[in-house]
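These protein sequences, in sequence, are chains A and B.
Under the working numbering, the first residue of the first sequence carries the number 13, and numbering increases by one thereafter.
Under the working numbering, the first residue of the second sequence carries the number 13, and numbering increases by one thereafter.
These aren't lab readings, by the way, just hints derived from the structure by calculation.
All the given hints hold, so there is nothing to weed out.
It does not matter which identical chain is meant; a pair holds if it fits inside one copy or across any two.
Taking lysine to aspartate or glutamate pairs in the EDC-like style, the calculated list, with each CA pair at most 16 Å apart, reads: (1) Lys475 to Glu536; (2) Lys473 to Asp500; (3) Lys649 to Asp616; (4) Lys649 to Glu618; (5) Lys55 to Glu413; (6) Lys189 to Glu239; (7) Lys167 to Glu108; (8) Lys440 to Asp300; (9) Lys189 to Glu228; (10) Lys473 to Glu538; (11) Lys475 to Asp500; (12) Lys224 to Asp300; (13) Lys224 to Asp186.
There are 2 protein chains.
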Amino acid sequence: MLLERRMTAVPLSRIRVTDPFWRGWQETVRRVTLPIEFAQCTKTGRIENFARAARGERGTHEGYRYNDSDVYKWIEAACYLQIALGPDPAIAADLEQTVELIAAAQMPDGYLNTYFQLQEPDLRWRNLSMMHEMYCGGHMIEAAVAHHESTGSTKLLDVAMRFADHLASLFGPDRRKGYCGHQEIELALLALAAAIEREHPDRSRRYRALSKWMIETRGTRPSPFEEEYADAEGMRLAPYARQMLDREGVYSGEYVQDHLPVREQTEVVGHAVRAMYFFAAATEAFTDSGDEAMGEALWRLWDNLTQRRMYVTGGIGASRSNEGFTRDYDLPNRTAYAETCASVGLVFWAQRLLEGTGDTGYADLLELALYNGALAGISRSGDRFFYDNPLDSHGEAHRREWFDCACCPPNIARLIAAVGRCFIGEAKDAVYVNLPASCEAQVRVAGREVGLRIESEYPWKAKIGFEITVPEPTAFALKVRIPGWSGDTRVELPADFDEAEYDGNYISIHREWSGVSRITVDFEDEPTFVAAHPAVLECRGRAALTKGPLVYCMEAADLGGDAPQAFTVDPSDAEVGPIEDGLVPITVRGWIDRDEDGPLYRSDAETPEAEERRARMIPYFAWDNRTPGPMLVWLRKA
Amino acid sequence: MLLERRMTAVPLSRIRVTDPFWRGWQETVRRVTLPIEFAQCTKTGRIENFARAARGERGTHEGYRYNDSDVYKWIEAACYLQIALGPDPAIAADLEQTVELIAAAQMPDGYLNTYFQLQEPDLRWRNLSMMHEMYCGGHMIEAAVAHHESTGSTKLLDVAMRFADHLASLFGPDRRKGYCGHQEIELALLALAAAIEREHPDRSRRYRALSKWMIETRGTRPSPFEEEYADAEGMRLAPYARQMLDREGVYSGEYVQDHLPVREQTEVVGHAVRAMYFFAAATEAFTDSGDEAMGEALWRLWDNLTQRRMYVTGGIGASRSNEGFTRDYDLPNRTAYAETCASVGLVFWAQRLLEGTGDTGYADLLELALYNGALAGISRSGDRFFYDNPLDSHGEAHRREWFDCACCPPNIARLIAAVGRCFIGEAKDAVYVNLPASCEAQVRVAGREVGLRIESEYPWKAKIGFEITVPEPTAFALKVRIPGWSGDTRVELPADFDEAEYDGNYISIHREWSGVSRITVDFEDEPTFVAAHPAVLECRGRAALTKGPLVYCMEAADLGGDAPQAFTVDPSDAEVGPIEDGLVPITVRGWIDRDEDGPLYRSDAETPEAEERRARMIPYFAWDNRTPGPMLVWLRKA
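Starting from the given sequences, assemble the full structure and let the hints guide the process.
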């Protein structure tokens, strides 16, 4: 697979999300989520850590060693949301105050990490495998890029460049070999490089090179993480390091994807979020260089991930013990870890593969992870969060207000804030519609800026209207992705248009456009029950309901309080309802076991006949927003 | 429920297990398991810890703080096995040498614990909640009782009494309030009290009183475990104590059954092995005092355990995180913890309830846990062990040679060694046959010693022959338990006998016996598929096969390598085969999914029709003894 850039996402400054679905989420995040998250960051000492570092204090750092990153992700979300929805004075005040604190906390040499500054000033960069210094720095850099994009201010961008310069002064081909146990800096350096490309071309090149070097050296031997074992003082910071990194007493590095160079990896292993951030960075870093070998490696990993180790919801990382991957087809539903952040990371990686290949298979998975695995991480009210996302709950799983390790809440917030980036790609001679949610965009193509308006009720309905407005006649192709789930696809073009072409990925309408043109594309999104590969033993005899990009689930709240585990479904019957409480329900036919109290174990012959029942199902992302109770994605088949 | 002793187990010195099933296991344990376990205890420093303590050394203790207990349990198994099978010179040599070491390691004041003696001599009895000092002492006492019973030597018994005296000098009603985080000392003190009743009546009373006091004070406030929080030095020994003992930052004690006095407890909570040892001790301690309130409390707990929180195999303690209980009906199959030791503990408790009530419901559960949940803990070759016992494996669960925390291997060994204790109970005017495995016993009844020979092919066949030999005419009742699983039961009596009576629990043959009498009882043990209570959501649409006391499972090895998770069973059809490789298989009819490779998720409509297949099932205890692969207890029903 050749990695060669086919498109670039239309930046947020040129796209306005008008979609009721996503704009609704963005408004919820602005109104509810961001204030709550900032209050939590304040209450838990995350903000105060910066204030204390800024005052040059020493002492005990509040909370986990990587808590700075939650503040940075909040900034990123706040900044992108102000681009999407316009300025918000309350948020802007918190934001600018926090940016000031961060800038003040940075040390003269560019170092910035409140855990080490407050608590372990002598042990900076002494435990790269577990201490997340570059991880936190990376999120600071991404926040800075967002802040610059949103406000034009270079206040935080300058902090980011000083930090990156500091990093580049310590690590690199002719310096110390080192990278972070939790990948993130690789993506951040690329984002920073892109943001400053014009103003600081040398730094931009340096940061990009540092990122590529970290990606390429990871997994080579000697491993810097293994070498740290000899540093007793550094190891004191994380006594559990060997437990995470070794396998049978010998350094393995699988947990942090340091077991092999990425080009030699064939299976996704270890911590899922780290893997996603890593592969996303590798994809982006090597896209513009047209690297076929790296493309092949990433394709193998992607194929292993999405064809062997991914839940039907786009959730990934089945196991709690390593927050990550286990074996092919090992996808337990009730104990599914499927961390919200891992699905967010999957969106990031999928988007980069899409842009580097033009293969819409990646967009299919992008929207799967976005609308299901990731979005389930936040309540519809915006104030509660899932960290792990089971596909089968007996009533015990519920979203929570916050977590000590609070990576997920601000991660889903920043994804929603910047969701417009997933919609449209632009290239020299083509406009790519990857996710046809309603929006208004100014797209740069063929040297001009053309208007593209999309109107749809996505994801509820699959009929999409396009309006293309060009200031003067311009030749380019409008390419509309045909989702993998669409059956028959119908295109309505103006009378004077040639027939649309299908290039295997996109419907392509190539012509010289003039004035305003209106096009309608109608995908087929009939409800479809899917089965899993037979090796997924947990799903034997079960089916999951999908419709378009959405995966559905059944909750006790739609079953008169009965557990959906007591329901068997007829997979040949599913009726789509009208939109109701912001959701399109689907009614299915099946049978419900009749419950009889009595002994724990009894003769099976006495089991009463099941009763026919019609039951509503709702999208998975919307579960656990009503009366708490059992939920199930993979229904037993009758 | 009134606790009032109905019977006492015939001691091992008066019963010879002739049963091919259990005698086979005992021979395997003698030939394979005991030598392996002793070698492991040697290799891992468990024996050397005693040698070093005996030499008065100081320094680092090898292994976990409770490793002494594995040596003690090995001694107990070795002693009881020599009673069962006769002396074994190789075992006896290791045994006596180890007993010498233990005696030499005991401190002048009676204290004995190699962890503290070697590593923390100044912190004895400073962390009762987590440090297992009384637990280890308890297993030493039980080993001493076994050693005395087996050899007549008081060498270890003297050590035990010195330890118990030391304990009684420190703890008690007018001394320090304290008991152990891991119950065991309570059972041990009762066993010691019984063993020395005649020779040391005062000590016997004192130990029994200490045990009863520990049982009764546990769960009262202030908790000695909570008070230890203030002892920083003691807490240093177990920094994780609060994590285990608190709930939301406040002391709870549920993990160690210290949340409420046992008389007020209504649900089995916390660590399963601790709970079983505790309730077994409470039952035994309060049986002879005819305590109705304690009986009621224990009945509630038993009912909660066996009607809400027990696997069909007699496995208990669903969760790995607390090695214990979760909620009613929460019985996940694949992640079932169901520790081998917990089922061993269930056998202990059931036997004491049976003896204290004469209710055969307890015997039903005793044999369920014995033949299934506990026995699965050891391979048929005797050299590999399960710690946790899932009821659903995708191929990842296998017995292991040993564990760092090695409680289970010697626990199952000592249970098998002393299994004869479960067979027959004796009382003033009745002989109780609780488990009709083949044996020859001298039973004390009506002031005489009568011979009882049982011949059966239990558990494979349910036709049981009894031969009663009395030296002179003697009136008593022979009571033969009717198992809960038996359908119709037929009794064949000599022509001159009155008809047998049924008292709701036992078939009762009450008469004046003379000479030799032969009786046959034929239980009905047709294979039966059972269903679980509907609240066990994991078992919805599934059935488990049982026959007599055995629970069956299906392994890939009996399905041509296909996973039993791909099989749906017709629960109306099951055919018992002849004994084969030491097991009675059952053949069932069903359908196997046809496997098709391809994408991870695909339209359910393309799922091929299943094929009819007949498949063998084997007893659960015997799984994972052939080609490794998936296994399942709860089969999907067609």
